[in-house]
Amino acid sequence: MNIQKSLDTVNRYRWIIITIFILTIIAGFFVLRNLPKDYKSEAKLSTGLLDPSRQLAPDRASYTGPDIIIKLNQQFSTIMDIMRMPKNISLLSYRLILHDLKDQKGTFKPWSAEVKVLTDAQRQEAIGLFEERLGKKQVLTPLDNGKIKLYQIVTSMGYDEKSLNKKLDINHEQNSDFISVAFTSNNTLLSVFVVNTLSNDFINNYSLEQILNKNTAIVVLDSLLKKKEAVMNNRIKQVKDYKIRNGVLNLDKQSQIVYQQITDNENKRNQALIDKQAAQAALKSVNEKLASRTSDKYLGAEVIEDNRAIISIKNKILAAEDNYLRNGYKPADKKIVDSLQLLLSARLIRSNDQYVSDPLIAKQSLVQRRISLGVEIEKATAGIGDIDRELAKLNAKFTGMVPFDAGVQNYEQKADVATREYLEILARYNQTSLDKNIGLRLQLVQEGIPTLPESSKKLIYMAMSAIASLAICFCTLFLISVLDRSVNNGAELKSALIAKVISELDYIRPDNDNIAKIWGTPHAESEYTVFKNQLRTLRFELDNMLFSNSQKVLGITGVGSASAQAFTVLNLAYAFAQMNKKVLLIGNQEFIPALQKLKIPADQPIRAVLQGADINENKPFAFINNDLDGQSLLEIRDREALSGIFGSISSRFDLTIVALDPLTDGAENREWISFIALYTAIFVAGSALHDKQKAALAPLNADEKFAGWIVSGVKQK
854 MNIQKSLDTV NRYRWIIITI FILTIIAGFF VLRNLPKDYK SEAKLSTGLL
904 DPSRQLAPDR ASYTGPDIII KLNQQFSTIM DIMRMPKNIS LLSYRLILHD
954 LKDQKGTFKP WSAEVKVLTD AQRQEAIGLF EERLGKKQVL TPLDNGKIKL
1004 YQIVTSMGYD EKSLNKKLDI NHEQNSDFIS VAFTSNNTLL SVFVVNTLSN
1054 DFINNYSLEQ ILNKNTAIVV LDSLLKKKEA VMNNRIKQVK DYKIRNGVLN
1104 LDKQSQIVYQ QITDNENKRN QALIDKQAAQ AALKSVNEKL ASRTSDKYLG
1154 AEVIEDNRAI ISIKNKILAA EDNYLRNGYK PADKKIVDSL QLLLSARLIR
1204 SNDQYVSDPL IAKQSLVQRR ISLGVEIEKA TAGIGDIDRE LAKLNAKFTG
1254 MVPFDAGVQN YEQKADVATR EYLEILARYN QTSLDKNIGL RLQLVQEGIP
1304 TLPESSKKLI YMAMSAIASL AICFCTLFLI SVLDRSVNNG AELKSALIAK
1354 VISELDYIRP DNDNIAKIWG TPHAESEYTV FKNQLRTLRF ELDNMLFSNS
1404 QKVLGITGVG SASAQAFTVL NLAYAFAQMN KKVLLIGNQE FIPALQKLKI
1454 PADQPIRAVL QGADINENKP FAFINNDLDG QSLLEIRDRE ALSGIFGSIS
1504 SRFDLTIVAL DPLTDGAENR EWISFIALYT AIFVAGSALH DKQKAALAPL
1554 NADEKFAGWI VSGVKQK
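My numbering numbers the first residue of the sequence shown as 854 and each following residue consecutively.
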């Protein structure tokens, strides 16, 4: 969405907005100057829901925290909804219409046309019917239009449910025990009558309904209570009879004792198993140590090796001594004997240091330990057997108690359910009886009284109407700007088409579009001066492009109003003629009215020129009508001949401007453009540019012959 475009739209229609705003205020003043005054009367009802002094036995004991607030809000909402029910509003309608029908001078409102047409007899009959309906508390509906149109009479006086509810306000103030009943009307006595009558009638009817509902509930609960009591007594008797019949006395206590004994014996058995397994593991370890001859050095496992080594050394000593004797006591043999003696002594010393205790003592201790462990295992095995036999007895005893326990539980459960149901009904019966006597009691603590008129709302209504008119205007303009697809200047066109814009030309009013006057003698009118300067800038740009490409033929097409395009093309041709150039303009019928004002002949047809006719030169420029009678260029002459004709025209004139058909007529334009080296397009400001047109114009950006866009008729701010 273009915000700037929306602001421009608002600025364009600003005087209309201001006018509507002022007219709205003026109209509101005259409409509201005789606005009748409003009188408001208010009555207050006390419910006792939040008044501790009136709560003897509150029924909210089971509610805590937010639940209390929700419960209270529900009760207040229920009371206010009941007050607005048609049955209560109908009673108010009857009392209002009876008040006015019985006393014409003291009516709250002037009699309506429907009341005035009633005869005295009909009015008395209507009074009787209304009093009858009031006594029966019947609801007034549109169907009550019989011989005497009761509903129509009430509606005509504004006493029907819809009319009363519009001005009736019933609400509960935050954290208050009061319900406010307010009514606003043009008569203070009417407001007082409505709030007081509605409040009193509602209190009486609501209290009566509450008592009737409580009485009905008490009767139902009493009957149900007697049934539940009989069921409860029967279930309790069944429990007692079952226990007497089966000789069961305090089965729960007995089963608890047996179960505890079973648990204790199971714990003993588990401990005995643990002790037995521990003794077996210890016995296994002792046996392994006694059976091993290599694993434990304290049992003499290493003594054998040492003894073998000592015996071996001794044998070597004997052999060495024998050699020493046989060899005649040689010193060398003596040294061998001494060495072996030293080795034997060292071995004996090490053996004595290594074995500080007797291995036989350790082995004897292990044997004694094995005997004691065996005794412990036998004792544990015997104890487990005794415990298993005791458990079997206890389990059998407990199993025998299960059927009786199941039977007792079944009867006791039924008796318990019956007792709970009885107590629940009894509690509800007592609560209902209590509510009937000291329950919710509405009180009218503040009656409605006559008051001064309310503050005038004329200024508020006038301000609201003025603001509403402004809002409507702005919303309308906003929709116009959103739905508006028009392009009003070069920047918008460039943004819409992403194309080159070579110039903008200001809007010239229709009464000032005299081309001769624009290009005539100098004048001080800024409108003409700015427009001429813009044309000169455009002329320079186009002339520079033509000169750079050594071309003398310029095509001009466009989008928008044909007459606006023709005005721009004529001014451009006139601008080039001001450079003392011989200019030829080839255009259609749109140019003829303006050419007649310039006194330029417009009777030279292009068909004759294509057939070889000479072109008549005129000042400030020559003109040829491009009407081909429904044919195209290539249907009249071939391409080679046409090229020769356009070449001769280019050699004779300094500039040839060809006014092409609109861009929507693509077929004929393509034939003309094929003989033109440069062309531009005029976009008339204010013309709509839809998505389909954007897609059709997009290829122009890629055309090397296309010089750019000229935006004409731009209205400056």
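A couple of the hints might just be wrong.
[Stated by the list, open to error] The calculated lysine-lysine pairs, modelled on BS3-like cross-linking and capped at a C-alpha distance of 30 Å, are: (1) Lys893 / Lys1000; (2) Lys1310 / Lys897; (3) Lys1167 / Lys1187; (4) Lys1568 / Lys1547; (5) Lys1000 / Lys989; (6) Lys1370 / Lys1434; (7) Lys924 / Lys969; (8) Lys962 / Lys924; (9) Lys1080 / Lys1093; (10) Lys1002 / Lys969; (11) Lys1096 / Lys1267; (12) Lys1121 / Lys1002; (13) Lys990 / Lys1019; (14) Lys1142 / Lys1129.
By construction, these hints were calculated from the structure, which means they are not laboratory data.
Owing to the predicted nature of the structure, the values given are computational and were not obtained by experimental measurement.
Consistency of the hints with the structure:
A C-alpha spacing of about 36 Å is found between Lys893 and Lys1000, which places the hinted pair above 30 Å, so the restraint is violated. A distance of roughly 25 Å separates the Cα atoms of Lys1310 and Lys897; the hinted pair therefore holds under the 30 Å criterion. Taken as a hint, the Lys1167 and Lys1187 pair is honoured in the structure, with Cα atoms around 15 Å apart against an allowance of 30 Å. This hinted pair checks out: Lys1568 and Lys1547 have alpha carbons roughly 23 Å apart, not beyond 30 Å.
For the hint pairing Lys1000 with Lys989, the CA-to-CA distance comes to about 20 Å; that is within 30 Å, so the pair holds. For the proposed pair Lys1370 and Lys1434, the alpha carbon gap of about 20 Å is at most 30 Å, so the pair holds. About 50 Å separates the Cα atoms of Lys924 and Lys969, which puts this hinted pair outside 30 Å; it is violated. Proximity of Lys962 to Lys924 is assessed by CA-CA distance (about 42 Å); at most 30 Å being required, the pair is judged violated.
Straight-line distance between C-alpha atoms of Lys1080 and Lys1093 comes to about 21 Å, which keeps the hinted pair within the 30 Å bound. A hinted pair counts as satisfied when its Cα atoms are at most 30 Å apart, and Lys1002 with Lys969 qualifies at roughly 13 Å. For the hint linking Lys1096 to Lys1267, the alpha-carbon distance of about 15 Å falls within 30 Å, and the restraint holds. This hinted pair does not check out: Lys1121 and Lys1002 have alpha carbons roughly 99 Å apart, beyond 30 Å.
For the suggested pair Lys990 and Lys1019, the alpha carbons sit about 22 Å apart, so the restraint of at most 30 Å is met. With a C-alpha separation of about 20 Å, the suggested pairing of Lys1142 with Lys1129 holds against the 30 Å cut-off.
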